[in-house]
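Number of protein chains: 2
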Amino acid sequence: MHKDFLYSEIANKIAFQIRNGVLKAGDRLPSVRILCQEHGISMNTAKRVFLELEAQSLINSKPQSGYFVNHLSSPKLPLPETSRPLSMANDHEPDELISKVYGNMGKDDLTLFSIGIPSGDLLPLAKLKKEIVQSTRRLREGGTEYESLQGNLRLRRMVAARSLAWGGNLSEDDLITTSGGMNALSFSLMAIGKPGDTIAIESPCYPGILQLAINLGFKVLELPTHPTTGIEIDALKQAIPKINLCLLVPNFNTPLGSCMPDQHKQAVVTLLAKHGIPLIEDDVYGDLYFGSQRPKCCKSFDKEGNVLWCSSISKTLAPGYRVGWIAPGKYKDQLLKLKLVHSISSTSIVQEAVANFLNTGRYENHLRHLRGTLRDNYQHYIQAITEYFPAGTKMSRPQGGLALWVEFNKRINTTALYDLAMKQRISIAPGRMFTLQNQFENCMRLCIGLPWSQELNFKLKQLGNLAKMM
Amino acid sequence: MHKDFLYSEIANKIAFQIRNGVLKAGDRLPSVRILCQEHGISMNTAKRVFLELEAQSLINSKPQSGYFVNHLSSPKLPLPETSRPLSMANDHEPDELISKVYGNMGKDDLTLFSIGIPSGDLLPLAKLKKEIVQSTRRLREGGTEYESLQGNLRLRRMVAARSLAWGGNLSEDDLITTSGGMNALSFSLMAIGKPGDTIAIESPCYPGILQLAINLGFKVLELPTHPTTGIEIDALKQAIPKINLCLLVPNFNTPLGSCMPDQHKQAVVTLLAKHGIPLIEDDVYGDLYFGSQRPKCCKSFDKEGNVLWCSSISKTLAPGYRVGWIAPGKYKDQLLKLKLVHSISSTSIVQEAVANFLNTGRYENHLRHLRGTLRDNYQHYIQAITEYFPAGTKMSRPQGGLALWVEFNKRINTTALYDLAMKQRISIAPGRMFTLQNQFENCMRLCIGLPWSQELNFKLKQLGNLAKMM
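Order-wise, the sequence lines are chains A and B. Take the first sequence: its position 224, counting from 1, is numbered 224 in the UniProt record's numbering, and each next residue is one higher. Take the second sequence: its position 272, counting from 1, is numbered 272 in the UniProt record's numbering, and each next residue is one higher.
Check before you lean on any hint, since a few could be wrong.
Said to hold, decoys possible - Partial list, computed: chain B residues near chain A (C-beta under 7 Å):
1. Phe5
2. Gly120
3. Gly142
4. Met182
5. Asn183
6. Thr347
7. Ser348
Hints in this document: simulated from the structure, not taken from any laboratory. Beta carbons: idealized from backbone N, C-alpha and C, even for Gly.
Whenever a hint applies, use it, and build me the whole structure from the sequences.
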């Protein structure tokens, strides 16, 4: 393995142990010398491991003493258990609850812990406006022309170029643009599934995916999912005879923030390919890693074109632009046909604007900044939750993304907590939104994509107090 | 009836007789005095009738003699017969041909008689660019925020206000925005139909509708359609027991350019409502009338919310913006749900830009100009086709819209003509594209949305010569 990756591989392993409580707050880490011996690496590589863990705020160094696990990074709050949804597919869609919570979007007088996108304060709005203006100048006929069916060529080139960072090795011709990430998932599901099919997903799962699957007439099989490593491979294996397709969010999914280890990704891809079951991979959060390196995707291990890799800029740059894409593997013809008959093409101007934003390197700068902010926010949230939330609270350890998953003790019903919190102008996303079954009623998702402030800290305290009173 | 409408009602009747050859080129029209007596109208109203017919270039006045049917407006070429598709639904989709012809889009070195949108030369590009820039300034967070689910409020208000002109009387709350007209049709079909359903449509029909219906698993029933009055009511009546839904383009549909008389619209709405069969009405060409007045829609006669009225700005203003809308009647909840789960929302910036363009009155100005150009183009095409095309050629009498339908004698295969014409850098839309059956093989559609020029005249001559040689 190339040494550039070696240090981060080792750092990731240690980070994993810290996040999962194998290494606890205050624990001393092995010395640089020991680390060299254990892993057969150079002093320099070992030092980079520690620098990386420090950068992630997971450890701190004490002069003359060595490195210690940070108190914040290894929260005292335990991790939620692996989810145990029922093995049968069912469909008690939490539609009303979802509508109620989504209905709060855009309300300025609310603290929106419930949203799943970064706040506008974290986005490069002025630069984006300039890109829009430039696009109307650069595009033939000011962007009034139909975009080509496959989508903006420069955008596809940039997405392909960026795929090298996660082992995608895509070419521009492998990609089709869409009107946002949900549109990519919708076309993918319509291309490979039909009403009555059974689809395997993570549990808890993004409500939009649940609703889309139900709307298309699929039976939904929610599978046990670990809060840090994602879907349980054994559970997926056992489900194989029952399922026709699979949709996963392997990197920093919402609400758990889990990230499937590479071995898991590879195992899932191999398993599904062997049984001819297509895999739709939603990678909208993949660029929002807290560590040093962009995680790989299932698509990185896809040799047979069996993975439909979907992503967008909605969670990182501009939700309202509706710019997304798919690398549909061997399903490209079906995808192009679907895009044609359902939409003709995507909006020209916004695709061109995003293409240019990526092309000038502004996107990488922005992402670096955004990741730093989210990582800091995460630490602030940990501190506040540890301090203010009731005894028995458990909490996820997101390794990236925009979401924190909080599990209260069984007595606290978060759908009721939602109503209480709204009276104090606080909106949360109750756990029941993330499943079609009767589970997660004592859980909630908190968005960490809001700019941190004393006000936010106070709102978390209020929320904690409400929970304590229940 | 209000006298403002009376004159246009009478003018429309006379126009209809001229276009259908009841009144022939050179025929003298009744005098103003006779017209007053016949219809019980005032002199002023009668004069307005003749002014209106003159404005449409259908008649001309000769001093001291009266009014005569214009030679151009009543072309010598006969009208094609009412189409007679087979009564059974079938699905020989002309996919390859459609891909081939659509693949020519955007190629600068071709004369694109094959496209179905107005040329960029006919669009207000500079003004639209300004609207885009203004939108990024006016929208919260520069348009990076998700648009509300139902869509831009100002846009919906403007579309609702404009609906008064055709008797729609819609309110902003009746409307949902979409990403273009095809997206409106797609959501409508998905909301009310399911795989295996049979859908009744006009024949010939826009290829996008054929492909969409097949893609959604519908059986397609093509119904006999008259080139000026649209779908045959009796044929629809007989089909009722077989069909689950109906999709019509009542105003200036492509390729025929027919416009259903109000009585037909009303009859269809009543018939379908009686049998609980929903009607999707595609009205994307409705604003492109050659006469004095915006035609009504089926939606104008919809008392039960059974009509899903779909339209867009793609045929009039900016195809690449992807801005459309639906008034879904009683199917509003299903439509909102579909829009949410398949797309979350539409692109914010382009909706705001179009809303403002409509709001400032620029749209009405632009439409007035565009309609005049299309009407003039139509006259030029008539002249060229009459002069250059082989004996036995028949031609539609569009009363608006962007398309001319040409029927050659049976020996001339337009799919073969397409290949010949392409060698001379001319692209046409062969008739076989507009049906799932083996019909219209001696027909073609010509777009009249190109700026008229001697070059275009020459290309029509070349095309005529090629046809003569076959």
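Checked hints:
For phenylalanine 5(B), the shortest C-beta to C-beta distance to chain A is roughly 34 Å, which exceeds 7 Å, and the interface hint is violated. Nearest Cβ of chain A to the Cβ of glycine 120(B): about 4 Å, under the 7 Å cut. The hint holds. Interface restraint check: glycine 142(B) against chain A, minimum CB-CB distance 5 Å, threshold 7 Å, status holds. For methionine 182(B), the interface hint holds, since its Cβ comes within 7 Å of a Cβ in chain A; the closest pair sits about 5 Å apart.
A least Cβ separation of about 5 Å between asparagine 183(B) and chain A falls short of the 7 Å threshold, and the interface hint therefore holds. With a least beta-carbon distance of about 5 Å to chain A, the hint placing threonine 347(B) at the interface is held under the 7 Å criterion. For serine 348(B), the shortest C-beta to C-beta distance to chain A is roughly 4 Å, which falls under 7 Å, so the interface hint holds.
The structure is inconsistent with hint 1 alone, although it conforms to all the rest.
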